[in-house]
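There are 2 protein chains.
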Amino acid sequence: MNAVVSAPVFKGRLGIVAGRGSFPVLVAQAARDLAHNPYIFALKDEADQDWSDFDAANLGIGDLSAFMQIVRREGIGAIVMAGGISRRPGIGDIRPTWTALKSAPQALRALLSGGDDKILRAATEMLERHGVQVLGAHEIAPDLLGQCGPLGNRRPDQSDRADIAAATQAAIALGRLDIGQGAVAVGGRVIALEGLEGTDAMLARVAGLRADGRLRAKSRGVLVKLCKQGQELRADLPAIGPDTVRNAHTAGLSGIAIEAGRSLVLQRGEVIAEANRLGLFVTGLEVAAAEHAT
Amino acid sequence: MNAVVSAPVFKGRLGIVAGRGSFPVLVAQAARDLAHNPYIFALKDEADQDWSDFDAANLGIGDLSAFMQIVRREGIGAIVMAGGISRRPGIGDIRPTWTALKSAPQALRALLSGGDDKILRAATEMLERHGVQVLGAHEIAPDLLGQCGPLGNRRPDQSDRADIAAATQAAIALGRLDIGQGAVAVGGRVIALEGLEGTDAMLARVAGLRADGRLRAKSRGVLVKLCKQGQELRADLPAIGPDTVRNAHTAGLSGIAIEAGRSLVLQRGEVIAEANRLGLFVTGLEVAAAEHAT
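Respectively, the protein sequence lines represent chains R and A. Position one of the first sequence corresponds to residue 1 (our numbering), numbered consecutively onward. Position one of the second sequence corresponds to residue 1001 (our numbering), numbered consecutively onward.
It should be emphasised that the hints constitute simulated quantities derived from the structure, not laboratory data. Just so you know, not all the hints are guaranteed correct.
Stated by the list, open to error - Pairs of lysine-lysine residues, derived as DSBU-like cross-links and limited to a Cα-Cα distance of at most 35 Å, are as follows:
1. A:Lys-1011 - A:Lys-1044
2. R:Lys-44 - A:Lys-1218
3. R:Lys-44 - R:Lys-11
4. A:Lys-1044 - R:Lys-218
Claimed, not checked - Short derived list, chain R residues pointing at chain A, Cβ under 10 Å:
5. Gly-19
6. Ala-30
7. Arg-32
8. Ala-35
C-beta atoms are modelled at their ideal positions from N, C-alpha and C, and glycine is treated no differently.
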């Protein structure tokens, strides 16, 4: 779908809720390139980058009260959520505001028992009730969006395309159940599905199956990552980076296919360099909305 | 569906193709209880039990030629396949017979690229073309079939039932894609899906997620194992045993639900004893054929 993205309009300062990994840093740098001065909410036990170059506060993941204090103090009008969260909040983590308490039952239920997408949707609705606009990271950093077609030198061959088709079908089924975004197919057959463990752990599992001789040496295979059906695009686009390429290589895969326009390629230059160095393809798929719906 | 199973009728000697684990031994013992004198085809690199008490040959997994020689020599009229196979045959493993060669293209394609169910269906068809009847292990050992309702002292509570519902929905989706049979749900949410790695490896993954603090301590969760839609019942019923109960306990789960009448409970006495000792439920579900079809 490769949507044309224009810079978002909002009043006040931009806030970035930063989880794990380098993605929030890329978004913060892109925000500076757009002449924003972002304020960073670095999530405790999650954010793992150096934020000393930015205005930043460390914040418990459920500490809505401290969060709203800073939002008001800094005049924050829009928020971007970026980076992974490995641990979901428990009831003891949540220090609600009064407004949150009023709408607590359904929001809390989603936070405590929903899939990722339900949680992120609940968080987004809660912020918007507080008058804070929620933007997608791709609105601040559109260059991070995956494009259609191959990124590096290699293209999927016929056998790769059969694997892409099988893994895509599985990833669509997974997404419909709000479970995960990724699947690995080898020799035309899906052999691994991503749950809570995440893409890198799934790739490590595939590497283990290969080391144990449970995948034939000649069949390489592909990783497919898709957006979930009806996914909250502002919160949780599937992402790949150079580590994904390296881990896919270790798993003996032939390449990676992601959804064009609805996924993120982090550190694109290094992704391309690693893909070319290791001989993997990385390609963007047009997955028709109709396919998600069937 | 708890079908009433009557002892199967066939001419000649019974053969058991034995893969990994104790399941083939249980089937062989049940066959003796029915006054059969089974001949054991112990698959090389797979069969791991002591077969010295039986007439047995070690056989490469693709060695149809040696297999058919024995079938003729021993006058074998029916075969049961029992036990896991961790490695799928590659093209180099297959030593075909002339009859197999005549029907090779589609059978080989299934063997080399299909899901488990396709492979087993192809193997079954190949044997039947050679005049060998293929029986389900449950026809020889009907006491191994899971029944409806709880096996031990515990029953699923309301929270367990929500997990069972979520994991059942996912297992049905998995089965429809011929991927796997198992899913784990915790707190109403599916967190792990079984691929090629198998149930025990999936449970180890859940134990790891819990050790890493990525599952809240209070949510226990359930394992659900179902038959795939249209599964070849003679070849590959989902099975649990005492190890499954112990591994589910290590993963912090509340219990296990399997499909009544279409799954195997190996070492039932020990399964019940372990479930009671560890405080887990083990229960048989009626999964309507209609649910598989939707």
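Given Ala-30 (chain R) as an interface hint, is the shortest Cβ-Cβ distance to chain A below 10 Å? Check failed: Cβ of Ala-30 (chain R) comes no nearer than 29 Å to chain A, outside 10 Å.
Once the shortest beta carbon distance from Gly-19 (chain R) to chain A is found, is it less than 10 Å? 13 Å, violated
Does the interface hint hold: is Arg-32 (chain R) within less than 10 Å of chain A, judged Cβ to Cβ? Nearest chain A Cβ about 33 Å off; hint violated.
Please verify whether Lys-1044 (chain A) and Lys-218 (chain R) have alpha carbons no more than 35 Å apart. 22 Å, holds
Lys-44 (chain R) and Lys-1218 (chain A): Cα distance at most 35 Å? 22 Å, holds
Next item in the hint list is Ala-35 (chain R). Is there a CB on chain A closer than 10 Å to its CB? Violated - the Cβ of Ala-35 (chain R) stays beyond 10 Å from chain A, reaching only about 38 Å at its closest.
Just to be careful, I want the Cα atoms of Lys-44 (chain R) and Lys-11 (chain R) compared with a cutoff of 35 Å; is the pair within it? 27 Å, holds
Take the C-alpha atoms of Lys-1011 (chain A) and Lys-1044 (chain A), compute the straight-line distance between them, and say whether it is at most 35 Å. 27 Å, holds
Of the numbered hints stated above, those contradicted by the structure are hints 5, 6, 7 and 8, listed in ascending order.
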